[in-house]
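K.L.:
Spelled out from the first residue to the last, the chains are:
2 protein chains.
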Amino acid sequence: MERLRGADLSQSDKCQKIMELAKRRGFFWPSYELYGGESGFIDYGPLGAILKRKIEEKWINQFVVKEGLMLIDTPVIGPSAVFEASGHTAHFTDPIASCSRCGRKWRADHLLEDQAGISAEGLALVELDAALKEHEVHCPECGGNLEAPQVFNELFKTTIGPYSEHVGYGRPETAQGIFVNFKRLHELARNRLPFGVAQVGKCMRNEISPRQGPIRLRELTIMELEFFFDPENPHCSKLKEVEEEKLRLLHEELIREGKNEPVELSVREALERNHIKAEWNAYFMVKAKRFLNELGISDGDQFFKEKLVGERAHYSAQTYDQVVRLSRWGFVEVSGHAWRTDYDLKMHMASSGVDLRAYVQFEKPRRVKKFTLKAHHKQLAQVFGKDSGRVTRLLELTPPEEVAEALKADGRYLLRGNGQTYTILPEHVTLKEEEVEEKGRRILPSVVEPSFGLDRLTYATLEYAYSEKNDRVVLKLPRDVAPIQVAVLPLVSKNGLPEKAEQIHSLLKGEGFAVEYDDAGSIGRRYARMDEAGTPIAVTIDYQTLEDGTVTVRDRNSWKQVRVSATKLPAFLREFFQGRDVFAVSS
Amino acid sequence: MERLRGADLSQSDKCQKIMELAKRRGFFWPSYELYGGESGFIDYGPLGAILKRKIEEKWINQFVVKEGLMLIDTPVIGPSAVFEASGHTAHFTDPIASCSRCGRKWRADHLLEDQAGISAEGLALVELDAALKEHEVHCPECGGNLEAPQVFNELFKTTIGPYSEHVGYGRPETAQGIFVNFKRLHELARNRLPFGVAQVGKCMRNEISPRQGPIRLRELTIMELEFFFDPENPHCSKLKEVEEEKLRLLHEELIREGKNEPVELSVREALERNHIKAEWNAYFMVKAKRFLNELGISDGDQFFKEKLVGERAHYSAQTYDQVVRLSRWGFVEVSGHAWRTDYDLKMHMASSGVDLRAYVQFEKPRRVKKFTLKAHHKQLAQVFGKDSGRVTRLLELTPPEEVAEALKADGRYLLRGNGQTYTILPEHVTLKEEEVEEKGRRILPSVVEPSFGLDRLTYATLEYAYSEKNDRVVLKLPRDVAPIQVAVLPLVSKNGLPEKAEQIHSLLKGEGFAVEYDDAGSIGRRYARMDEAGTPIAVTIDYQTLEDGTVTVRDRNSWKQVRVSATKLPAFLREFFQGRDVFAVSS
Chain A
1 MERLRGADLS QSDKCQKIME LAKRRGFFWP SYELYGGESG FIDYGPLGAI LKRKIEEKWI
61 NQFVVKEGLM LIDTPVIGPS AVFEASGHTA HFTDPIASCS RCGRKWRADH LLEDQAGISA
121 EGLALVELDA ALKEHEVHCP ECGGNLEAPQ VFNELFKTTI GPYSEHVGYG RPETAQGIFV
181 NFKRLHELAR NRLPFGVAQV GKCMRNEISP RQGPIRLREL TIMELEFFFD PENPHCSKLK
241 EVEEEKLRLL HEELIREGKN EPVELSVREA LERNHIKAEW NAYFMVKAKR FLNELGISDG
301 DQFFKEKLVG ERAHYSAQTY DQVVRLSRWG FVEVSGHAWR TDYDLKMHMA SSGVDLRAYV
361 QFEKPRRVKK FTLKAHHKQL AQVFGKDSGR VTRLLELTPP EEVAEALKAD GRYLLRGNGQ
421 TYTILPEHVT LKEEEVEEKG RRILPSVVEP SFGLDRLTYA TLEYAYSEKN DRVVLKLPRD
481 VAPIQVAVLP LVSKNGLPEK AEQIHSLLKG EGFAVEYDDA GSIGRRYARM DEAGTPIAVT
541 IDYQTLEDGT VTVRDRNSWK QVRVSATKLP AFLREFFQGR DVFAVSS
Chain B
1 MERLRGADLS QSDKCQKIME LAKRRGFFWP SYELYGGESG FIDYGPLGAI LKRKIEEKWI
61 NQFVVKEGLM LIDTPVIGPS AVFEASGHTA HFTDPIASCS RCGRKWRADH LLEDQAGISA
121 EGLALVELDA ALKEHEVHCP ECGGNLEAPQ VFNELFKTTI GPYSEHVGYG RPETAQGIFV
181 NFKRLHELAR NRLPFGVAQV GKCMRNEISP RQGPIRLREL TIMELEFFFD PENPHCSKLK
241 EVEEEKLRLL HEELIREGKN EPVELSVREA LERNHIKAEW NAYFMVKAKR FLNELGISDG
301 DQFFKEKLVG ERAHYSAQTY DQVVRLSRWG FVEVSGHAWR TDYDLKMHMA SSGVDLRAYV
361 QFEKPRRVKK FTLKAHHKQL AQVFGKDSGR VTRLLELTPP EEVAEALKAD GRYLLRGNGQ
421 TYTILPEHVT LKEEEVEEKG RRILPSVVEP SFGLDRLTYA TLEYAYSEKN DRVVLKLPRD
481 VAPIQVAVLP LVSKNGLPEK AEQIHSLLKG EGFAVEYDDA GSIGRRYARM DEAGTPIAVT
541 IDYQTLEDGT VTVRDRNSWK QVRVSATKLP AFLREFFQGR DVFAVSS
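From first to last, the protein sequence lines stand for chains A and B. Using this note's numbering, the letters of the first sequence correspond one by one to residues 1 to 587. Using this note's numbering, the letters of the second sequence correspond one by one to residues 1 to 587.
Honestly, the hints are just simulated from the structure, not real lab data. These numbers come from a predicted model, not from an experiment. Take these hints with a grain of salt, some might be off.
When chains are identical, the list treats them as one kind, so a pair holds in a single copy or across two.
[To be verified] Calculated cross-link-like contacts (lysine-lysine; reagent style DSSO-like; alpha-carbon spacing at most 30 Å): (1) Lys369 / Lys58; (2) Lys560 / Lys378; (3) Lys509 / Lys54; (4) Lys183 / Lys157; (5) Lys509 / Lys476; (6) Lys374 / Lys476; (7) Lys500 / Lys560; (8) Lys66 / Lys494; (9) Lys509 / Lys133; (10) Lys500 / Lys157; (11) Lys23 / Lys202; (12) Lys568 / Lys509; (13) Lys307 / Lys364; (14) Lys58 / Lys408; (15) Lys439 / Lys364; (16) Lys469 / Lys14; (17) Lys240 / Lys378; (18) Lys133 / Lys369; (19) Lys183 / Lys476; (20) Lys105 / Lys369; (21) Lys439 / Lys494; (22) Lys364 / Lys568; (23) Lys408 / Lys509; (24) Lys364 / Lys246; (25) Lys58 / Lys23; (26) Lys246 / Lys277; (27) Lys476 / Lys378.
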């Protein structure tokens, strides 16, 4: 993740107000306050837990159900083999510097940026060390000297079962749970390509020094999907639907020119000019933009920023971050759109020795020149001993062309797998080239991955819903994610109004609405309480209700009120929550 | 957890069939198969992930929404302070024995049960060691001698942040996330009692040797709720609704008499005879029974088994396990109903030094005799040095009556807190007894906790849905939890039928149904595929559809078919999924 910068300071008290509201009304608060707090963790209270669930459901509906994709659910803890194969044990790291006086530990790159104003992007450890010394960077706590920075792995480490040598990790992303199941999932997709698999769940990232609040967490919920397609047939079948849609892109070229402002391009233009390299990535970027629109974040408050080579994750050939303007932190990443290519499947194939390739049938048989490879077990056994079985298996999974080419060019082929490199010489194999008719081929699918941070999205939704009117908070949450949909309020707590209100409360509950009954305090105070909780509709039962059976229905956003017959109330509310402007019609 | 015993062996191939179906159709399978598997972990595939989510939603609807309770969402990882206070670092353990020859580790109590047929329940480590030696229990793997059993803590351990001494654990239950937030949650409940807070989420239990499958997992999903009530006013306000309902109880008395069969008692009888000690526990036990009924598990296949003193968790004053008959494993616990009393709040109050008591107002002021306690700081400082501040704070949170009584009886009071015991002598405090008028009092609420294992419930739902007809599998999942609700099938893949079917597919999707389109293979094969997936309804588009706009609607359970006009299809389906017997009416 990139460091958060460029906040709009004049707005930063907005964040403070939201944090205060979030605590007071039960959206979220820092975890483990009873024991002095634990930074990097937050608790969702009753309103926040439902808001978060509703955003999750909305995402599943739009990205899984509507797209006809699959959803799976795999464990948080995984054995080390998985994360060694995926590259996380080697690459999921940050530089850390200890203070030689007080012993505190810091993100070395952050210190350099904070104290010297210099980006540490792409610096090797020794260079970083030199830069820290050159700019006289010291411990922010005690001013002591810093020791040379070291690599810190941000995987949470544990052991599985009673054996201390059996290491496991908390997953830093849900993706590996999909990749290790590729074979089974491809079968469930009836061996067709393309197909997509999504997962929503907890992930763990042991950040060195997370800030407070919901932006940089050690435990977070990620919603992501891996979309597998044939790299020789990368066309997105749904491109027509989104081709003319505009995306705001701050692409690599602009960044290299020192620009900060995105340009607006249609999807077609962005693909033609190669600013987006995979069509399916472009498709899901449009969906991501629209998803944020529906959470209340307009086009002008979001754009896609390309990650430069040095900034990208180790698996990615191209990544765009979807960023949203937040009052305290400036533009913050809420989703990533990485083209992971076949990196992960390739790594898992090499590590496990299991063939993960998908068979793709040609439309009609092709005559192709093809190498076949025969491994010479005896020779391999002489050189590699007990590893020779594995070497044979790995060799047979390698495209023979690759081996042939290397042997021709260098006289040897470096076979990688299982963390080892084996030198294959011409005498270890027989390669034959022949023309054959093929009905299909075995390929490793390419993958694009839209990946969303649910915690940041929940916070962003709150911030974009936040407004004030007459010195009071009105939380204009989108209708479909509001934790409480309808408040039922007797005007006063006597003369039969509470009883009538309870009836209407039960009626609406029975109809499936999320309803809250409240009879404490003045009606004005109760309206205010509901505005603050983001409840779109308040229904008031008054003396007229007892006479003619109508109730007052109040719109949170406009404070408009209309009278509706109690019997027609469920239908009225259903229309409202389907997005219709029932108040304009009725008043 | 109790060892699983007494399986109905004649039925055990049913489990095998379900496991096979679960893999083949994508309900669940063992995790990390690519790397040889990792026992204690399972993956939910596309059908299983949705089934599990739907059972979760149903639970939330019945136990949270309908009961008007709160739902929160707190982290999996917690700092050690939390689990030291809760007693899990000390008590969440099992005895483990290592083989002196091969080094393998085993659950010592399981070995004794398996090899000697003797229950290890309640044995201390030395007694267990003696029993293992006496009955010549050996390593099941290599026959080697066993070393003396040791205690193994089943918390997954990790470190938080870059400091190796900052220990954290994966939570073994979601409950502590509720207890540590008690103050805030009680405020959000507007300082009223009773109130309840639920949480659903991943938990981690590092079992020593979990069996395959979904029954004993190292990572599991728990749905639980903590219901807080005033111990001086323990009456359940909803008792009337459930008083006459029958519960099947295998209570302590029966177990001590050596009985295996539960008796049927009404809730009223069970409470009157003190077989259930807390009214609120009885209330939620009825809800739990009904919840399982709705998942397809009849009263005859479930009952509640009381846990004996030695078997209960360290925090519980009374626990009933809800057990369900499963083909391979006999009666298996799917939910626990513990009366945790004020144990957890008391422990967290003592560890944190924060007053967690709730203020309860009397209906009218009472004149009471009351002790007041004044701590003598100077004396305490002399004895306890730097701890004296904490001792003072802890003393002030202790009911003065308790201190007075102990000083009178023993001449000293043992003050416990923060893992320490401080001896308080008469000269450290002044106690005065006086009659005062009180408007209310501060109390620690008592807690009952219904806690459900979602993974076991998901498996049990599958097993009770499993049936065979004409040598084929028909999975009779309850309508409201079926992952796919409706299959849309063109009779043949030509003559305009697929196009018409696609229209109807879109129509139903737009109406919010979970629909799957399938045009591959014969119609009989597709019906079979859907029966196996548990899809309650199949809609077939045939030549008559093109003529008169009607479709064939087929009921999974009865294989009955009726013709319905496509325009009326959404309404027809809605009625069906609301539980009405539309096929009886229509045919």
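K.L.:
Name the hints, by number, that the structure is in violation of.
P.N.:
Hints 1, 2, 6, 9, 10, 13, 14, 17, 18, 20, 22, 23, 24, 27 not satisfied by this model.
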